[in-house]
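Peer 1: Residues per chain, in single letters:
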Amino acid sequence: MGDTTTFFRAPRREPHRRATAESPWVRRLLIGGALCFLGIFLVVPLVSVFAEALKKGLGFYCHTFNDPLTLSAIKLTFIAAGISVPLNCVFGVAAAWAIAKFDFRGKSILITLIDLPFCVSPVIAGLIYVLLFGAPGPFWTWLSDHNVKIIFAVPGIVLATTFVTFPFVARELIPLMQAQGRTEEEAARVLGASGWQTFWRVTLPNIKWGLLYGVILCNARAMGEFGAVSVVSGHIRGQTNTIPLHIEILYNDYNTTGAFAVATLLAFLGLVTLVLKTWIERKKIAALRATETRVAA
Amino acid sequence: MAKNTRRVLPGFRLTLGYTLLYLSLIVLIPLAGVFVKTSTLSWEQFWHVITAPRALASYRLSFGASFLAAFVNVFIGILVAWVLVRYEFFGKKIVDALVDMPFALPTAVAGITLTALYAPHGWIGQLLAPLGVKVAFTQLGVFIALTFIGLPFIVRTVQPVLEDFDPELEEAAASLGANRWQTFWRVILPMLYPALLTGFSLAFARALGEYGSVIFIAGNMPMKTEITPLLIVTKLEQFDYAGATALAVVMLVGSFVILLTVNLLQWRSSRHLAQFAQA
Numbered sequence: 001m002g003d004t005t006t007f008f009r010a011p012r013r014e015p016h017r018r019a020t021a022e023s024p025w026v027r028r029l030l031i032g033g034a035l036c037f038l039g040i041f042l043v044v045p046l047v048s049v050f051a052e053a054l055k056k057g058l059g060f061y062c063h064t065f066n067d068p069l070t071l072s073a074i075k076l077t078f079i080a081a082g083i084s085v086p087l088n089c090v091f092g093v094a095a096a097w098a099i100a101k102f103d104f105r106g107k108s109i110l111i112t113l114i115d116l117p118f119c120v121s122p123v124i125a126g127l128i129y130v131l132l133f134g135a136p137g138p139f140w141t142w143l144s145d146h147n148v149k150i151i152f153a154v155p156g157i158v159l160a161t162t163f164v165t166f167p168f169v170a171r172e173l174i175p176l177m178q179a180q181g182r183t184e185e186e187a188a189r190v191l192g193a194s195g196w197q198t199f200w201r202v203t204l205p206n207i208k209w210g211l212l213y214g215v216i217l218c219n220a221r222a223m224g225e226f227g228a229v230s231v232v233s234g235h236i237r238g239q240t241n242t243i244p245l246h247i248e249i250l251y252n253d254y255n256t257t258g259a260f261a262v263a264t265l266l267a268f269l270g271l272v273t274l275v276l277k278t279w280i281e282r283k284k285i286a287a288l289r290a291t292e293t294r295v296a297a
Numbered sequence: 298m299a300k301n302t303r304r305v306l307p308g309f310r311l312t313l314g315y316t317l318l319y320l321s322l323i324v325l326i327p328l329a330g331v332f333v334k335t336s337t338l339s340w341e342q343f344w345h346v347i348t349a350p351r352a353l354a355s356y357r358l359s360f361g362a363s364f365l366a367a368f369v370n371v372f373i374g375i376l377v378a379w380v381l382v383r384y385e386f387f388g389k390k391i392v393d394a395l396v397d398m399p400f401a402l403p404t405a406v407a408g409i410t411l412t413a414l415y416a417p418h419g420w421i422g423q424l425l426a427p428l429g430v431k432v433a434f435t436q437l438g439v440f441i442a443l444t445f446i447g448l449p450f451i452v453r454t455v456q457p458v459l460e461d462f463d464p465e466l467e468e469a470a471a472s473l474g475a476n477r478w479q480t481f482w483r484v485i486l487p488m489l490y491p492a493l494l495t496g497f498s499l500a501f502a503r504a505l506g507e508y509g510s511v512i513f514i515a516g517n518m519p520m521k522t523e524i525t526p527l528l529i530v531t532k533l534e535q536f537d538y539a540g541a542t543a544l545a546v547v548m549l550v551g552s553f554v555i556l557l558t559v560n561l562l563q564w565r566s567s568r569h570l571a572q573f574a575q576a
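Which chain is which? The protein sequence lines are P and E, in order.
Here our numbering is used: the first residue of the first sequence is 1, the next is one more, and so on.
Here our numbering is used: the first residue of the second sequence is 298, the next is one more, and so on.
I should point out that these hints are in silico values taken from the structure, not numbers from a laboratory.
Hints are supplied without guarantee of correctness; some may be wrong.
What the hints assert, rightly or not - Below 30 Å or equal to it, Euclidean Cα-Cα: the simulated DSSO-like pairs (lysine-lysine) are:
| no. | chain 1 | residue 1 | chain 2 | residue 2 |
| --- | --- | --- | --- | --- |
| 1 | P | K208 | E | K390 |
| 2 | E | K389 | P | K277 |
| 3 | P | K284 | E | K389 |
| 4 | E | K431 | P | K55 |
| 5 | E | K390 | P | K284 |
| 6 | P | K277 | E | K390 |
| 7 | P | K277 | P | K149 |
| 8 | P | K208 | E | K431 |
What the hints assert, rightly or not - Which stretches of chain P does chain E cover? Using the computed rule of at least three CB atoms under 8 Å from a CB of chain E, they are:
| no. | segment |
| --- | --- |
| 9 | 40-51 |
| 10 | 158-164 |
| 11 | 178-191 |
| 12 | 233-239 |
| 13 | 264-270 |
As the list claims (entries may be wrong) - Over 10 Å on every C-beta distance to chain P, these chain E residues come out as not near it, computed from the model:
| no. | residue |
| --- | --- |
| 14 | W340 |
| 15 | L353 |
| 16 | Q436 |
| 17 | E460 |
| 18 | P491 |
| 19 | H569 |
Keep in mind that this is a model prediction, so the values were computed, not measured.
Glycine included, each C-beta is placed from N, C-alpha and C at the ideal position.
Construct all of the structure, not just a fragment, from the sequences and the given hints.
Peer 2: Structure (structure tokens):
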């Protein structure tokens, strides 16, 4: 049997191309076309951010970051991301645990509802909180009586950021934990582990790459969100400006170079996100394969 | 029921309860507020706001440019996904990672960058200016920005389907005498339809709501280059909350209807494919 297959196997280097491959010219044309397009559409913009930022030299670039308004924008962005990302992270783990480890009615509706913020315009995401907590809203009298500011203040920015980044961790963990099943956790329970021990020692190591992936995407969006935050912020310089809003203000003040200088921060964040994302994707696939073989064994 | 199927794993009530509470507080109750707020308008007032000429012009631009951008992205997406899955070339992994750039680059940065590039004196704008093509501050600029942000959706939905594509189907087509073009057109492309529809609807929905990357390049002239999300913001800044909310309802209903239609189409086409696979 082995001999006949070797006998009939085609030689490794065929003089003619395979019937299911394109001719070299078509291949080169397609690769060239795709690369040209991606070059103009993705690489040129990325390069131009840095080129525009350094137009007036390194001195001006550094000067932009000495501005207290820039620094307060950076601080506020970190505060907003620092609150909304952990909130959505806890939610994501809880939702994935409930959805992946248990059966209940209405599960697919719940999954759809979790994805809802993705198909809502960021502007509407801001609008809903203005309606709820702003001047005409149902909580307005109570809030102003107790001197609590939500809209045109930091809490509103945090809320809007939380809304737009809401699904990131959950939608990453739900399919992952569904694929992993519940056998390992059940085994841990049968062997006498408590619920928390099961979670920390069995579930968390299994989902750590997926969780990190979700957190990184969530953070990138949280730090870069513009539309939703713009609606609730009120644009008070030095108080309710995040990095993207500060970029807009500089740009509208005809300080284009300054705007691009601040924009390099976010472009850099984007690049770091891409690198981490690619790296974790590989880890995730490796981890999933390991779990699959473990479950199969 | 609880007695029969006693759950081994703990935390069902806690996690589901927390999920529902958090979902309601952050998403559902605030969103419901939009519809509650609209009900303070009478039907005539609501109709008057959402059919004002300026609003109609903004829908035309928002829906039209989003549709066109998503449609163009279908072709670009197939090309890029095909090249990334089928061919080997230098720097492929970097290119693959770069495709997600529009996701990772904050919209405000994309907005000012595209504006600088396509402005009459920008790197790309000065090449187009002698041809009489104006991009920045025109509807074409809106289209460019929406194409930029929608690019990854189609690539990322088509890519896994192409990766899992059964080579036997192509071999069968070739052995029956089909050339590569016929194989692609009649065998491969039909299998991509569900993924293309998903990618298209995601790109379309995203483009429809997009704000940050568009407002810089659009120029924002009422009736000409004003997108609906911007009109909502304008109304909010004039403290016309009811008007802003009415437009928001139109947008929300619009994008839900589109997503629902596409889901139905996709469900039908996947059922069609399943029948095809069984036959």
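Peer 1: Hints the structure violates: just list their numbers, smallest first.
Peer 2: 7, 8, 12
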